[in-house]
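Those protein sequences? They're chains A, B, C and D, same order as listed. FYI, in my numbering the residues of the first sequence are -18 to 214. FYI, in my numbering the residues of the second sequence are -18 to 214. FYI, in my numbering the residues of the third sequence are -18 to 214. FYI, in my numbering the residues of the fourth sequence are -18 to 214.
The set of hints was computed from the structure by calculation and includes no laboratory data. Hints may contain errors.
Claimed, not checked - Some chain D residues close to chain C (C-beta under 8 Å, calculated; not the full set):
no. : residue
1   : 100
2   : 136
3   : 141
To be verified - Computed spacing ranges between beta-carbons, pair by pair:
no. : chain 1 : residue 1 : chain 2 : residue 2 : range
4   : A       : 55        : B       : 48        : 56 to 62 Å
5   : D       : 18        : B       : 109       : 31 to 37 Å
6   : A       : 100       : C       : 179       : 23 to 29 Å
7   : D       : 28        : C       : 179       : 43 to 49 Å
8   : B       : 211       : A       : 108       : 19 to 25 Å
9   : C       : 176       : A       : 18        : 47 to 53 Å
10  : C       : 105       : A       : 5         : 27 to 33 Å
11  : B       : 73        : D       : 214       : 37 to 43 Å
Don't be surprised by glycine CBs; every beta carbon is placed ideally from N, CA and C.
So you can see what is in the structure, the chains are spelled out below.
There are 4 protein chains.
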Amino acid sequence: MARTAVVAGVGPGLGASVARRFAAEGCNVGLLARSESSVEPLADELDDAVAVTADVGDRDAVEAAFDHVREALGSVDVLVFNASAAAWEGTLEVSPAAFDRALDTNVRGALNCVQAAVPDMLENAPEDGTAGTVIFTGATTSVRGREGAIGFSAAKFGARGMAESMARELGPEGVHVAHVVIDGGILPPEGDVADPEEYLDPDAIADSYWQLVEQDRSAWTLELDLRPHVENF
Amino acid sequence: MARTAVVAGVGPGLGASVARRFAAEGCNVGLLARSESSVEPLADELDDAVAVTADVGDRDAVEAAFDHVREALGSVDVLVFNASAAAWEGTLEVSPAAFDRALDTNVRGALNCVQAAVPDMLENAPEDGTAGTVIFTGATTSVRGREGAIGFSAAKFGARGMAESMARELGPEGVHVAHVVIDGGILPPEGDVADPEEYLDPDAIADSYWQLVEQDRSAWTLELDLRPHVENF
Amino acid sequence: MARTAVVAGVGPGLGASVARRFAAEGCNVGLLARSESSVEPLADELDDAVAVTADVGDRDAVEAAFDHVREALGSVDVLVFNASAAAWEGTLEVSPAAFDRALDTNVRGALNCVQAAVPDMLENAPEDGTAGTVIFTGATTSVRGREGAIGFSAAKFGARGMAESMARELGPEGVHVAHVVIDGGILPPEGDVADPEEYLDPDAIADSYWQLVEQDRSAWTLELDLRPHVENF
Amino acid sequence: MARTAVVAGVGPGLGASVARRFAAEGCNVGLLARSESSVEPLADELDDAVAVTADVGDRDAVEAAFDHVREALGSVDVLVFNASAAAWEGTLEVSPAAFDRALDTNVRGALNCVQAAVPDMLENAPEDGTAGTVIFTGATTSVRGREGAIGFSAAKFGARGMAESMARELGPEGVHVAHVVIDGGILPPEGDVADPEEYLDPDAIADSYWQLVEQDRSAWTLELDLRPHVENF
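Work out the full structure: start from the sequences and follow the hints.
Here is the structure:
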């Protein structure tokens, strides 16, 4: 039976690539974004996809969105948490509101999506095999606090801590939790950059996400990093 | 001239040890806690100490508390951020309120205290020497996501991300930011434990905190771990 | 054209699984082991495979073995460095000879194989695409010094340092260097264990190795961990 | 009673600062270097110091040197392993000899010194308190494999693995093992650099080393980093 994957945080970049790739592998795909305009065209393009809108930090809206996906496509097997909000200000410059927005989206938003998706996974857990997969999209800042971005650093570290905690708790229940450190810039959809070699191709990232879904539960990855071959790191 | 240190999060354990040690080294000490009863006796015990009460997550209360310290003891040179609230529930059990409380205290609380203290440090920065010191009290969970404690994992990782971000931003300005990973249980004040050898003595931790304050700015530590010699880690 | 892969350190476990998987993907496979008996039957089983024998710590023998592979199967595109020797003694118990053996196999052996394989990769580097892949088999001890195994800790940390150094140097040249942390026990070939769920299936590990070979160079992984879903870590 | 400290790897820089500081704290100091000229003047300068010469990679010479120290100053309480040899060549350029030299000094040399010093510590272990201290001088490359320095990366990672392994094994026996990551350049003795602010003052590093010796065993540090306040890291 087809798996149902929810991609939370779908814009024209990585989220869309993941959705397309997972659909091509036979998944039903729920596309969650803040605005309809980001996801309607993609939902139309894909078979067995639905677009739902919610700010991930809004718990009720997230629950409603997952209910909608569940009714349309069946219970959730895979969650890709790809939503992110940055706070690019330094220690004294950042406003409490901007700082909170980063926490709301990256950390509280992750909790909202996880609490909406994981019960489905546990309910359908097979005797033998993967009950479900949760993938967090991380960044360089997830593992290296970034100068001048105290809110983003708090938020990305925080989400990584959640992923590690969940992996230890849920692994034995059959739920695979993984955290991917995207260590570089993602090629923008228009591709109008000086040197595309310096960017991660979102389709290539989506390949690695799919491999995580496919991993046998005897050899699961909690964390991997991804970067362009020319990246100076 | 005597330095003024604020210890945010003073209970009978580590916070009190740090306050006593810093006072013994000649610091004026501001003792910040949620309730007066936790800090009044200690403020009475020490010379040049004031007790102030605030929930660190309450921005206005924190600002008022620092104003009070500033008026009583002078501008702030050292901040020890020792407040912590845990959320000891797993992924599906944790309530949004408990999860938020962990973030409010450990992460947003850190921001509130930092934004109240660091401007003093920058204003008084000497040409040569340390302008100020900020020490975060971390835990094992700061570097290892803990099974069954998703909120605490998010919060302690988040605070560590802030410390790293701040260290990179503020180091060149003369402010020393350090994060201490307390990897074990702290000996409770009553000391009624089966084997005290298995616990960190809070006075010994306070020694290391003081050494961080004293470090020459040509050789600053961002992170160190502390654990009992018998700890299995 | 078929790629040529050398698996250095082939026993009946992980090395054999990697060789079989890479052969199934169309690779020519060079099987390098210390004794012929470990690899002859596997070489007979696979098409386009040759068995070569060398102690990886013996530089001349390694060079001769790679020459043999090169003549039989063409220039080398992929190296899986899977050889390992442990020194399971503590600080005072370990003999200099046992300590050296661990370094010779894990560290110097890696250098010998790398220096024999990488020139082929650089020579055949395409304008666009991967010039070659080097995968190191790591262990829990690669990232966590192990009590009572000082030599193994030195050796596994050392090899990881080499992998990181090489990744930074050779990535821009098109050579993908990856280090895989195998965080658990590998299921023995006979499979006579109390609970197979607690072990990594070597075929599942080989899947992840193959995915590393297939990664697009815009999104390469330097390090990933692998462990059984029930692992307590 | 005065403690006896051996500093292995004494040149005019960090080793000399550590020796001077430890002597000033009342230690007897054994100064171990490859050539007499590096240590004789310092031994003359200090009270209760002896100079001994050995290549740390030469096991017999190391044993003889420690015997000499032991006879002159008493059994060894503290070892600072500060010897280092770099191999600044890349993957294909490094010669086996240069690679071995890095391993011989940093890794095998550490084993030789540790096996000569630790038995003294264990023999004199008090019921309560520190039996001895071993400090490894690490570098940025200890935690981040360095492009174009494969041998140095192998060696510095390897020594760090040893330190972690030893800390877990020997901590419960009362021996404190610590690893210090020096993340920046050390101010050269002549001090003729463009901007001294960009360098670590070796006397400031020695302060932190001494604090490690003084730590109460209820709160030991395994690892700390040190860098100039202006360091870009």
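Going down the list of hints, with the structure as the test:
The beta carbon of residue 100(D) comes within 6 Å of a beta carbon in chain C, closer than 8 Å, and the hint placing it at the interface holds. Taking 8 Å as the C-beta contact cut-off toward chain C, the hint placing residue 136(D) at the interface holds, the least distance being around 7 Å. Evaluation of the residue 141(D) hint against chain C yields a held restraint, the C-beta minimum of about 6 Å falling below 8 Å. Judged by the Cβ atoms, the range 56 to 62 Å given for residue 55(A) and residue 48(B) holds: they are separated by roughly 57 Å.
Checking the proposed 31 to 37 Å range against residue 18(D) and residue 109(B) shows it holds: the Cβ atoms sit about 35 Å from each other. Between residue 100(A) and residue 179(C) the Cβ separation comes to about 27 Å, which falls inside the hinted range of 23 to 29 Å. For residue 28(D) and residue 179(C), the Cβ-Cβ distance of about 59 Å falls outside the hinted range of 43 to 49 Å, so the restraint is violated. The given range of 19 to 25 Å is broken by residue 211(B) and residue 108(A), whose C-beta atoms sit roughly 41 Å from each other.
Distance hint check for residue 176(C) and residue 18(A): the Cβ-Cβ separation is about 51 Å, which falls inside the suggested range of 47 to 53 Å. A hinted range of 27 to 33 Å for the beta carbons of residue 105(C) and residue 5(A) is consistent with their spacing of about 31 Å. A beta carbon spacing of about 39 Å between residue 73(B) and residue 214(D) agrees with the range 37 to 43 Å that was offered as a hint.
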